Amino acid sequence: MMTSARGTIAPFDPVARELFDELAGWPIFDPHSHIDPHRPAARNLDEILGYHYYTELAHATGMPADRVGPGLDPRTRSLHLAEYLERIDNTVQYSWLMEIARTFHVFTHDRIDPQTIGDLYDRALRDRDGEEWDRQVWKASRLEAIFLTNDFDDPLEGWDTAAYVPCLRTDDLVLKLHEPDTIDRLRRSTGVDVQDLASLRVAIGRIFERFASRGARACAVSLPPDFIPRRAAPRRAVTPVRRAIQKMDLRPDEHEEIRTSVFWMLAEFCAEFELPFDLMIGPVRNVYPAGVAGGRDLFDRRVSLYEYRELFNHFATVRFPVSTLAPDAGSELVAYSWIFPNVLPMGHWWYSNVPAYIAADLKARIQALPKVKLLGYYSDAYKLEFILPKFNMYRRILAETLAEECVRERGWSVDRALQLGKVVLLDNPRRIFGRNRLSPGAAI
Amino acid sequence: MMTSARGTIAPFDPVARELFDELAGWPIFDPHSHIDPHRPAARNLDEILGYHYYTELAHATGMPADRVGPGLDPRTRSLHLAEYLERIDNTVQYSWLMEIARTFHVFTHDRIDPQTIGDLYDRALRDRDGEEWDRQVWKASRLEAIFLTNDFDDPLEGWDTAAYVPCLRTDDLVLKLHEPDTIDRLRRSTGVDVQDLASLRVAIGRIFERFASRGARACAVSLPPDFIPRRAAPRRAVTPVRRAIQKMDLRPDEHEEIRTSVFWMLAEFCAEFELPFDLMIGPVRNVYPAGVAGGRDLFDRRVSLYEYRELFNHFATVRFPVSTLAPDAGSELVAYSWIFPNVLPMGHWWYSNVPAYIAADLKARIQALPKVKLLGYYSDAYKLEFILPKFNMYRRILAETLAEECVRERGWSVDRALQLGKVVLLDNPRRIFGRNRLSPGAAI
Amino acid sequence: MMTSARGTIAPFDPVARELFDELAGWPIFDPHSHIDPHRPAARNLDEILGYHYYTELAHATGMPADRVGPGLDPRTRSLHLAEYLERIDNTVQYSWLMEIARTFHVFTHDRIDPQTIGDLYDRALRDRDGEEWDRQVWKASRLEAIFLTNDFDDPLEGWDTAAYVPCLRTDDLVLKLHEPDTIDRLRRSTGVDVQDLASLRVAIGRIFERFASRGARACAVSLPPDFIPRRAAPRRAVTPVRRAIQKMDLRPDEHEEIRTSVFWMLAEFCAEFELPFDLMIGPVRNVYPAGVAGGRDLFDRRVSLYEYRELFNHFATVRFPVSTLAPDAGSELVAYSWIFPNVLPMGHWWYSNVPAYIAADLKARIQALPKVKLLGYYSDAYKLEFILPKFNMYRRILAETLAEECVRERGWSVDRALQLGKVVLLDNPRRIFGRNRLSPGAAI
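Protein chains in written order, with this note's numbering: chain A, -16 to 427; chain X, -16 to 427; chain Z, -16 to 427.
For reference, chain A alone in the conformation it holds in the complex (with noise of 0.2 angstroms):
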């Protein structure tokens, strides 16, 4: 049913082949995905392939979108999309397809394409083993831990919380207030009678002492590249915030108000309940509105941690675990998490997300940060199955950068290069999200 077949390629230095070796037999600790708790797996080969790295990616090499289309009968998306495949085979998407196809399922063709994705499609059809697929998926990959991407009315109830970690995700708080089903929603799940920034704010703790109290970890926002976190003035956004629950049409400086003052009071939260606050910095939604599904959004590359001075030193107590999305941004990252005590470089985020980018970013910071601060990696996913080859990716970049930096350059033992990756992909992750205030149980 589950090939034992190793999916992926190890590296082909002897060196970072036998650190690999090691790595790649280890859990997998994943403090950030997509992934639905009730259906972690993907039933079908189009839930893998609905994956927007593939729908975007083949939509930019003239893919029409209504190709793959909701409208669609999952087979027909998957025949669809698989005419494009070949445009992308020389991508680190792809080859994550490829694991995964030869992992869990397989496949034994060197190519997926319009000849070979029936016999991947049938392969790859899991709806009738349901809960089962969920738990061999999660065991062949070895899964200690994946945090989730909830919203704040999200309640949280029907999975465990210990293997399926709830994260807090925000981004409506701060930068949809003003739209009216946000207000709605708060209320529901709150049950308070939302009204003005001071009610506001006891429906926003609620929502803390929820996530909490079911074993959250850390709690999440993606900022624009125009965002500044500064100093809430509660006086100043009495109003605005009152006119945005009053769905009344806002100025862009009340706009601007209103996101920085609610930001502003989850960092307090975060601070209350001992919840890390990963910053994903840099997106701005809807860039290329005619993209597919997922692939319409990218970034405007002049930003700097500098515009962040004034939260990193407000709030000392809380942990920042920092993404940023432009790749060329890393390097200041480097600097900030060398300096503030409560700034960690996070894994590598989505247009970072690629091999070239990541062995620059990770080698500069085994090089100049401390170990203790080291975030390892996130896989991003919205199905399991896609945990494990991103992960191998990472895990395959390390081993290189501990073979070359660690072993060769300084004559280090592989047991001692072995020691520091295990800090960067599980210490450090365990230890950091290991727990919240209310939960301090799952402390590791």
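A couple of the hints might just be wrong.
You can't tell identical chains apart in this list, so a pair holds if it fits in one copy or across any two.
[To be verified] 20 angstroms max Cα-Cα, derived SDA-like pairs, lysine to any residue: (1) Lys230 <-> His161; (2) Lys159 <-> Asn325; (3) Lys405 <-> Asp72; (4) Lys405 <-> Arg171; (5) Lys122 <-> Ala145; (6) Lys405 <-> Glu69; (7) Lys159 <-> Glu237; (8) Lys405 <-> Arg70; (9) Lys405 <-> Arg213; (10) Lys230 <-> Arg184; (11) Lys405 <-> Pro272; (12) Lys405 <-> Thr44; (13) Lys405 <-> Val175; (14) Lys230 <-> Ala7; (15) Lys122 <-> Val89; (16) Lys230 <-> Gly101; (17) Lys122 <-> Pro47; (18) Lys405 <-> Glu257; (19) Lys230 <-> Arg168.
Note that these hints are calculated values from the structure, not bench results. Because the structure is a prediction, the values reported are computed rather than measured.
Use these hints to put chains X and Z onto chain A, whose structure you have.
The following block gives chains X and Z in isolation, referenced to the frame of chain A:
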């Protein structure tokens, strides 16, 4: 007369060497140069050493600009420049020179310096050979097609436009419409009595017709870092354009309105004539006015493709091969090419045309972008002789990248790696720059 | 007393190792440090561990600042810091410490930790050796010359200025003229009754005379990212400068006018006294006020040398060795050094002083810039002991770059590669920092 000996040095790594030996035998398709089709190869060494790469580097080490001034005779200029070559004999630019000397002029000395320059000058005298020399260099370099940089009033007559492919360069129209000479040239070359925005459009339409019917396969423009393409508002542009044509003084916002409107109009014609629109983003002209000719321009690295979003969205049918001048902007181009179907990563331009920068960019492009979008390299050359050493530099980096990334890391066969190389170097440029609406026969 | 054993680790690659073995035997010319010439080597381990690289990294992992506070005795501070060294034992900064311990103190343990710190502290006690210890470290490191960082009111007396070369640091004049202390120090040290712009110029002229006559060979300043050098407009500056001297409150535009005017005046004196003007671009001071001493400054990566164009054009005779703090700004410095004769790429500064960043920058510099402009490395050290391990780190990277780029890729002989290494490490720094107008005898 011309040695067959390989003037270039093959990669050290045996797999890369095997790949390079193959790549180096392929034809060259060069989608951007400044070659003069009436006099493509150098008639003497001064036309080689006069390339701004050498005069500006020599000047940057202390050579007074007048040592290579236009009033001197060609041999004297070459002797003068040779006095400074030892100072730059570490550079890749110098290595192109050595490869030209060895490949085309049977030069056997180890260095080009005041002792050997006389010999090389004599060897490189090709005045008597004339067009026969052009043909020899063409053949020895295995050239297939070279794109030119043609002013809008170039008559495009007197050469084989299938080999020396016209490309409409539009900097003068976008950035210098207010200069009296521009409008005069526009009137003369189109026969249109340009007086206002409407007649300007008619004149530019005539230009596109002429270029397209003469086999042009691209339109190109270089844009300063502060340029922001915005959707044209013809009503807003009417008055500034008329004032520019009437040679009246313009306010900064009027200049801005003019360049925005003309640029947008060009994109509209690119759509109509089905021409790729090469965007060369970043240069600021004349930053160092005391520099030698061609060596006065630099850039401001604070640019972002985010400013181009409206353009890329609006002109979905126009392909935009993009070059960025700031080397650190390369990773943003990867992300925009990943999402926008009509954005294509073009070759490595000018200050980014350094092996370390090319290698980093190329690796990321091969890892993250659909192979059908990778546009390889262009020479940017002013004389035919430079095409071979520049392309060999790129083919060496490509061979090393394919060897390391594809053969070693992913376990590909050498044949599969070569196929990818061919897609990058030949298939894509031939297809994307293969035709226009009026010359569909040129398509491949 | 001092081991001859090599404390550093040679490169793994045999060609790089051969090159490194040679480079490592050369003298060191160090054009920027913070050495105190009255007390150059460390008298005890606390003076080594007190280097901000260690206290700030330890603090960034959670060490409270008061664990190494000034009120503690030196041994206690060292013991406290040692408790945190395991957390940073992966870093290149820690490797400098190990090399110091092994090379200068015959330390034979594998780690510096709470168990071994006592032994190392005892070994490193050099109070009784005094100046003899300074001489030993100097000799063991094969030092030839070290540039200092001298305040403008430093009397420059009491040491051999051919070995410990004065360098006029001007941050106080440019950035703190409005602070009462600055004017008082200026009056006292120059004897000029500074009251206005004219007398300020007289005073600064006196400073340059004193420094030049005492053998200074550079002027230096660190500039924040928002600083834009503009041509001075003395008439505009008269009032703000007078108000600053009279200790009146200043508006932001007046502050700006003052720092611009003083900076421009310094460049004029550099021209007059024929002193290189080191520009250290990027730091913002006190971004993290709660940090340890020396560990509070960071940067905003959004800087461009384009802002410096007027300066570089105006002062054609002044050489500007430029350091950039943001690692991602390195490629722009390559381009500006390529064009401007008076812009020189200086060593790798602070947050850019990480092997991964150095290697990337160095490779591009060697590929694209005239060798006579490459300015190698500087230690930025506060104590003599750091110069050797830091230079060895750089020499290792240089050896690897020469091995890979020159010997392997271009087929150079090892001797030719070594010659290039000597140009970079010794010939250029000796020549460019060799003299000033009043001490031409110091030229080499």
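A quick look at each hint next to the structure:
1. Taking the closest pair of Cα atoms, Lys230 and His161 come within 20 angstroms of each other only inside a single copy of the chain (6 angstroms); across copies the shortest separation is 49 angstroms, beyond that limit.
2. Taking the shortest alpha-carbon separations for Lys159 and Asn325, neither the intra-copy value of 27 angstroms nor the inter-copy value of 31 angstroms comes in at or below 20 angstroms.
3. Proximity of Lys405 and Asp72 under a CA criterion of 20 angstroms is satisfied inter-copy only: 14 angstroms between copies versus 32 angstroms inside one chain copy.
4. In this homomeric assembly, Lys405 and Arg171 never come within 20 angstroms of each other (Cα to Cα): the closest approach is 43 angstroms inside a single copy and 59 angstroms across copies.
5. Only within a single protomer do Lys122 and Ala145 lie at most 20 angstroms apart by alpha-carbon distance; the minimum there is 15 angstroms, versus 60 angstroms between protomers.
6. Taking the shortest alpha-carbon separations for Lys405 and Glu69, only the inter-copy value of 15 angstroms comes in at or below 20 angstroms, while the best intra-copy value is 37 angstroms.
7. For a Cα distance limit of 20 angstroms, the shortest separation of Lys159 from Glu237 inside one copy, 13 angstroms, qualifies, whereas the shortest one across copies, 37 angstroms, does not.
8. Within a single copy, Lys405 and Arg70 get their C-alpha atoms only as close as 37 angstroms, which misses the 20 angstroms cut-off; across copies the closest is 14 angstroms, which meets it.
9. Neither within a single protomer nor between protomers do Lys405 and Arg213 lie at most 20 angstroms apart by alpha-carbon distance, with minima of 37 angstroms and 50 angstroms respectively.
10. With identical chains, the CA atoms of Lys230 and Arg184 are at most 20 angstroms apart within one copy only, with a shortest distance of 18 angstroms there and 46 angstroms across copies.
11. For the identical chains of this complex, Lys405 and Pro272 are neighbours neither inside a copy (42 angstroms) nor across copies (33 angstroms), given an alpha-carbon limit of 20 angstroms.
12. In this homomeric assembly, Lys405 and Thr44 come within 20 angstroms of each other (Cα to Cα) only across copies, at 18 angstroms, whereas the closest approach inside a single copy is 39 angstroms.
13. Proximity of Lys405 and Val175 under a CA criterion of 20 angstroms is satisfied in neither setting, with 44 angstroms inside one chain copy and 63 angstroms between copies.
14. In this homomeric assembly, Lys230 and Ala7 never come within 20 angstroms of each other (Cα to Cα): the closest approach is 52 angstroms inside a single copy and 66 angstroms across copies.
15. In this assembly of identical chains, the alpha carbons of Lys122 and Val89 lie at most 20 angstroms apart only when taken from the same copy (16 angstroms versus 51 angstroms across copies).
16. Taking the closest pair of Cα atoms, Lys230 and Gly101 never come within 20 angstroms of each other, the shortest separation being 50 angstroms inside a single copy and 67 angstroms across copies.
17. When the C-alpha separation of Lys122 and Pro47 is checked against a cutoff of 20 angstroms, the pair qualifies neither within a copy, at 37 angstroms, nor between copies, at 42 angstroms.
18. For the identical chains of this complex, Lys405 and Glu257 are neighbours neither inside a copy (25 angstroms) nor across copies (55 angstroms), given an alpha-carbon limit of 20 angstroms.
19. In this homomeric assembly, Lys230 and Arg168 come within 20 angstroms of each other (Cα to Cα) only inside a single copy, at 14 angstroms, whereas the closest approach across copies is 57 angstroms.
In terms of the numbered hints stated before, the structure departs from hints 2, 4, 9, 11, 13, 14, 16, 17, 18, listed from lowest to highest.
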